[in-house]
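Visitor: All the letters of the sequence shown, read from the start, carry residue numbers 1 to 499 under UniProt numbering.
If a hint is listed, it holds; no wrong ones were tucked in.
Straight-line distance between alpha carbons at most 25 Å, and here's what the computed SDA-like set of lysine to any residue pairs gives: (1) Lys168 x Gln212; (2) Lys363 x Gln353; (3) Lys51 x Gly81; (4) Lys104 x Ile42; (5) Lys39 x Gln80.
In short, the hints are calculated from the structure, not lab data. Just so you know, these numbers come straight off a predicted model, no measurement behind them.
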Amino acid sequence: MEIYPDSALKLLNGIKTPRQLSSKDYALYSFAMTQALDKALIIVQSDSLIKNAVTYYADGKDPMRAGYSYFYLSRCERNQGNPKGQAESLLKAIPYAIKSNNYKLLGFIYSEKASIYREQNQIDSMIHYNKLSYNSLKRAKDQRNCIVSLIGIGYGYYQLQQFSTALKYYYQAEHEAQDSKDSTLLAPIYKFSSLALFYLKDYTKSSLYAKQGIAIEKQKDPSNWFNLAAIFAKQNKLDSAKIYLSKCISHGYKAPDCYELFEDIFEQERNFQEAIKYAKLTINAKDSTNKAALLTSFAGMEKKYNYERIATENKTLIIANQRNKIAVLFLLLGLSGIIVIVLLWRYRHKQVQLKQHQLLVEKEKENNQLLQQQINMQNALIKNVEHHKKTAIKRLVPNTSSYSTSEEGSVDSMALYDELISSIDGLYNGFSKRLKNKYPLLTTTDILICCLLRAGFESGMIASVLDTQTDSFNVRRARLRKKLEIEHGMNFSDFLADF
Numbered sequence: 001m002e003i004y005p006d007s008a009l010k011l012l013n014g015i016k017t018p019r020q021l022s023s024k025d026y027a028l029y030s031f032a033m034t035q036a037l038d039k040a041l042i043i044v045q046s047d048s049l050i051k052n053a054v055t056y057y058a059d060g061k062d063p064m065r066a067g068y069s070y071f072y073l074s075r076c077e078r079n080q081g082n083p084k085g086q087a088e089s090l091l092k093a094i095p096y097a098i099k100s101n102n103y104k105l106l107g108f109i110y111s112e113k114a115s116i117y118r119e120q121n122q123i124d125s126m127i128h129y130n131k132l133s134y135n136s137l138k139r140a141k142d143q144r145n146c147i148v149s150l151i152g153i154g155y156g157y158y159q160l161q162q163f164s165t166a167l168k169y170y171y172q173a174e175h176e177a178q179d180s181k182d183s184t185l186l187a188p189i190y191k192f193s194s195l196a197l198f199y200l201k202d203y204t205k206s207s208l209y210a211k212q213g214i215a216i217e218k219q220k221d222p223s224n225w226f227n228l229a230a231i232f233a234k235q236n237k238l239d240s241a242k243i244y245l246s247k248c249i250s251h252g253y254k255a256p257d258c259y260e261l262f263e264d265i266f267e268q269e270r271n272f273q274e275a276i277k278y279a280k281l282t283i284n285a286k287d288s289t290n291k292a293a294l295l296t297s298f299a300g301m302e303k304k305y306n307y308e309r310i311a312t313e314n315k316t317l318i319i320a321n322q323r324n325k326i327a328v329l330f331l332l333l334g335l336s337g338i339i340v341i342v343l344l345w346r347y348r349h350k351q352v353q354l355k356q357h358q359l360l361v362e363k364e365k366e367n368n369q370l371l372q373q374q375i376n377m378q379n380a381l382i383k384n385v386e387h388h389k390k391t392a393i394k395r396l397v398p399n400t401s402s403y404s405t406s407e408e409g410s411v412d413s414m415a416l417y418d419e420l421i422s423s424i425d426g427l428y429n430g431f432s433k434r435l436k437n438k439y440p441l442l443t444t445t446d447i448l449i450c451c452l453l454r455a456g457f458e459s460g461m462i463a464s465v466l467d468t469q470t471d472s473f474n475v476r477r478a479r480l481r482k483k484l485e486i487e488h489g490m491n492f493s494d495f496l497a498d499f
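Modelling step: build the complete structure from the supplied sequences, incorporating the hints.
Guide: Pasting the structure below:
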């Protein structure tokens, strides 16, 4: 499965009637098929298959597969464009990963969380979860994915423009990747290191890393040539910069930045005819990139105007003897008109940008609200993990048989109860407070059990959390039904969902 997922997928497809398998074998088939599709890089949107595995393994029979099942379910939710479902599935996967001591799975979960925060542009949270991912993967001795996490941490600091810090993590990633000689790892390390050094104005080292990136990529990425051209331009090696810019354009890399750098180089060389040519190409490239925008940006129009004025002045030098007051007047009127048009365009463009920014801010707030509700609940679990590495999930709730003494004797446990209940309250609109108001005789443990059931935890997992047998938990659950006066035949979970 790990080395040849395509072969595993072929073998699984050879099972013609999987639904006729026993429930145990069908759950294993559903789990293995989803895993093979994921490792073969086949995007899976339907969650019907993996939910069979989730239903079977969520009762605590196999915590490792239960954790991976929720992990793969989160990816299905992501492919469906459901960030809230993705976050909830990742949250449910964490306790199983901890219980099974599977640090590799835990590292994958934290890495997915980092990706969510990167899409939300919450860079600090992205860095935090990439660090958690690195620590977990380090314990799992997964060297390759440790390097990927280091690159992610460095990229986060790069986004924050903390280039020295970013470079520290890129160097660490480079050191750990030297033995692997994996170009898919070394190529981005060299590229990002070059960019960080460029902004730190260490152009010599930046050039070295850019050349290493080009060599290892075997000239597959023209943007590396552009980066090297930008470095040469800063070093005033204009001929070398033009050589690499020409390579970019000849290989189809016709980004506006490429033309704009050409324009700046020819301007430094005082070759205004070529500068005007590339100014026009810059404008055309920007226009094709964003057809919904105006024909040119203010800066582009201003440069175009400046070069057109230079060209006009050059022609005027040839026919200087024909100047007169009328020509000067028309020229001034023309310049005034262009300035007025440019100022009006800039004002309108700024207004459009402001409206677009406001829409983006509102959309980001909506997206953040989808994840904010589950963050408090996850933080409670993570805090407990840091203090109780081996028996973390069992210490969230003490054994029900010794509930009275543990509640009186453990302030830490009560704090964790309150924090977990508070997190679920935030997710379900003050659920515990409504329970307490209507049923004042409920104990803290009763309310916590109701909260965990409301959050979707399976009975088997709750029994494990309470450190009790499933039969004992079922007895307590039956007593709790009587306390809540639930009618016979009504499903407990449905009652809590409708409460």
